[in-house]
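Number of protein chains: 2
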Amino acid sequence: MIRKNNIQVALIQHSFKQTKEKTIEYTLEMIRQAAINGADLVVLQELHTSEYFCQSENVDFFKYAESFENEIEIFSQVARKNNIVLVTSLFEKRANGLYHNTAVVFEKDGSIAGKYRKMHIPDDPGFYEKFYFTIGDNEFRPIETSIGKLGILICWDQWFPEAARLMTLGGAEILIYPTAIGFSPNEPKEEQNRQLNAWLGVQKGHAIANGVFVIAVNRVGFEENKLIESIESKTTTESKIAESSESKIAQDSTKYADSAKSNQINGIEFWGHSFIFGPQGEEIAMAKTQNDEIIKAIINMDRIAEVRHMWPFLRDRRIEFYQNITKRFID
Amino acid sequence: MIRKNNIQVALIQHSFKQTKEKTIEYTLEMIRQAAINGADLVVLQELHTSEYFCQSENVDFFKYAESFENEIEIFSQVARKNNIVLVTSLFEKRANGLYHNTAVVFEKDGSIAGKYRKMHIPDDPGFYEKFYFTIGDNEFRPIETSIGKLGILICWDQWFPEAARLMTLGGAEILIYPTAIGFSPNEPKEEQNRQLNAWLGVQKGHAIANGVFVIAVNRVGFEENKLIESIESKTTTESKIAESSESKIAQDSTKYADSAKSNQINGIEFWGHSFIFGPQGEEIAMAKTQNDEIIKAIINMDRIAEVRHMWPFLRDRRIEFYQNITKRFID
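So the sequence lines, in the order shown, correspond to chains A and B.
For the first sequence, the numbering used here assigns the number 83 to the initial residue and increments by one for each residue that follows.
For the second sequence, the numbering used here assigns the number 83 to the initial residue and increments by one for each residue that follows.
Keep in mind that the hints were calculated from the coordinates and are not lab data.
Every residue gets a Cβ at the ideal spot worked out from N, C-alpha and C, and that includes glycine.
Hints may contain errors.
If we take Cβ atoms under 7 Å as the criterion, some of the chain B residues that face chain A in the derived model are [stated by the list, open to error]:
no., residue
1, M201
2, P207
3, G283
4, G287
5, T371
6, Q372
7, D374
8, I376
From chain A, some residues computed to sit far from chain B (all C-beta separations above 12 Å) [as the list claims (entries may be wrong)]:
no., residue
9, V141
10, I156
11, A177
12, N178
13, E221
14, T227
15, D239
16, L282
17, G360
18, T371
19, M392
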């Protein structure tokens, strides 16, 4: 197969549409829209089939992972029908009591090009992922596709230079991060700006240090913390549960435990800003809004060699002195 | 000794002042100026006692390294007299035919707190450092001082996330990069901007990923490539050599070989932009000009814990999967 030098990329950022079923339908329609005018690669946001359910710790949400295989089938079909390489982010049940935050990558013919189980799992107020997901046990290895080697990583992974570097050493040409990150509405504006800039900044750093493209797709919209709400106003919550139960996929997944959590936040305002950075850290595209949006761009894969010839960082790594990176701390 | 939480930092960026002797005198005066209004930490740029001589490969420049011990004496005295922790960047002769690009850090009492020999050495047109400097053979270990643990790294090191991470794991609270980087005047403006933004971006990335302060001090001014000039206009060059030989320190170091080099550039416009980033990547200070300037700021060391409590990246590193970072490439 002859590799294309110019890859048409589409990032799809959107809010949660009340139920899993409606959200998946909406995403499928956005993918079709993206493909109409041509797209080689379509990237979806983290856990795009549902709300970001990790705002509280609730065993009922494990139901969402039951449809993992079914969702693979759905997205395989849409990849094949639209002739796109498709990066999805799903909730995987591996065994009872063993769940992963898993990206599944589809080839243009609908076959599975590869899977990546999120390696770095966060746990902080509003992002209780250690409750839901076990740490991945895959190596940091890029997934080979018809358009190039994709270094798939997920959200919290984006803060770890080791992950970006290992994917690069494995030959990744594009690092791809489906993400779900946002502001707590309680935080002052300047802190929100620092957080957003840090998120953009650390990933721009990966692009530069590794001479690779970096793509992140982040969700948008405010999602309230339903657990908090359920405590504050039980009647209102129950009416919402009724509405939510229209979803067949999400059935029975909307009963929330009543136990309160310390430091919980009222909800998350997901900040969008999905972007593509080039291998010199240059901004190729960024979402113009914090609303649903398809961000499209053409990336030229020759740019990687061009930048690395000028700045040959891979040539000069002092690998014989890097051993201590495998330590927790040097003390 | 009780550690201060608020550290007064001064960065000194300046151009080369025709001779080594004049340049050192000028730097000493800037250090005094910085200390008058109080400074705990003063950082100088890379190879601050001379021009950036690596624009060509010329054995005569090894003479510069003969005064390494003498310069240590000079800067030790100024650290003691001004009661500052001082980060210098010198050309070290270790043995005949064995030279290093070495940062020497002085304690407030003038004693040597530690040395760091540049680990990553560049080599590209205009930056022929592999000719002059052998790669350092020190571990990436921070230097303990009365104001904190300083992760001293030098210029090209700044592109390597491994170096920043190892210093952080060793307990570094501030990463400090004396640097000498600039534009080739031949490059188009947009390429110059991309390079400058990449330089800022990769270091901001280190601050964020590691939750540390990052300081870089970069030289300013245009320095012509004298080798090129000596070929193009021999008479002019000889008059400059006569002028330059006023310097006692630099005596006999200004005879340039006549052999041409491929791809050599006419000179380098050092871009300044010395800066301090905080542990969330926030900009604390940046040079306002591309001229000689003392950049001062107070940094609050408590900010490190504050940011790391919010974003505990060190907690979640998957060290059991990082082993391959010690490989050249995973193929």
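Right, here's what the structure says about each hint:
1. Hint status for M201/B: holds, given a least beta-carbon distance of 5 Å to chain A, under 7 Å.
2. Annotation: interface hint on P207/B violated; nearest CB of chain A at approximately 10 Å, more than 7 Å.
3. At its closest, the beta carbon of G283/B sits 5 Å from a beta carbon of chain A; the interface hint therefore holds under the 7 Å criterion.
4. Residue-level restraint check for G287/B holds (minimum Cβ-Cβ distance to chain A is 2 Å; threshold 7 Å).
5. Because the closest C-beta pair between T371/B and chain A is about 24 Å apart, greater than 7 Å, the hint is violated.
6. The beta carbon of Q372/B is not positioned within 7 Å of any beta carbon in chain A (closest approach about 21 Å), and the interface hint is therefore violated.
7. For D374/B, the shortest C-beta to C-beta distance to chain A is roughly 28 Å, which exceeds 7 Å, and the interface hint is violated.
8. Hint on I376/B is violated. Least Cβ distance to chain A is approximately 26 Å, over the 7 Å limit.
9. With a least beta-carbon separation of about 23 Å from chain B, V141/A lies farther than 12 Å from that chain, consistent with its non-interface assignment.
10. Against chain B, the non-interface label of I156/A holds: every CB pair exceeds 12 Å, the least being about 31 Å.
11. Under the 12 Å C-beta cut-off, the non-interface status given to A177/A relative to chain B holds; the minimum distance is some 21 Å.
12. N178/A, annotated as away from the interface, keeps every beta carbon of chain B farther than 12 Å; the closest lies near 24 Å.
13. A beta-carbon of chain B comes within 12 Å of the beta-carbon of E221/A; the shortest separation is about 6 Å.
14. For T227/A, the shortest C-beta to C-beta distance to chain B comes to about 18 Å, beyond the 12 Å cut-off, and the non-interface label holds.
15. Not every Cβ of chain B is farther than 12 Å from the Cβ of D239/A; the closest lies at roughly 9 Å, contradicting the non-interface assignment.
16. Chain B draws L282/A into its interface by the beta-carbon criterion, the shortest separation being 9 Å against a cut-off of 12 Å.
17. Here G360/A does not stay apart from chain B, with its beta-carbon only about 9 Å from theirs, under the 12 Å limit.
18. The beta carbon of T371/A sits about 24 Å from the closest Cβ of chain B, which is more than 12 Å, so the claim that it is off the interface holds.
19. Remark: the non-interface label on M392/A conflicts with the geometry, its nearest Cβ contact in chain B lying 7 Å away (cut-off 12 Å).
In summary, the numbered hints that this structure violates are 2, 5, 6, 7, 8, 13, 15, 16, 17 and 19.
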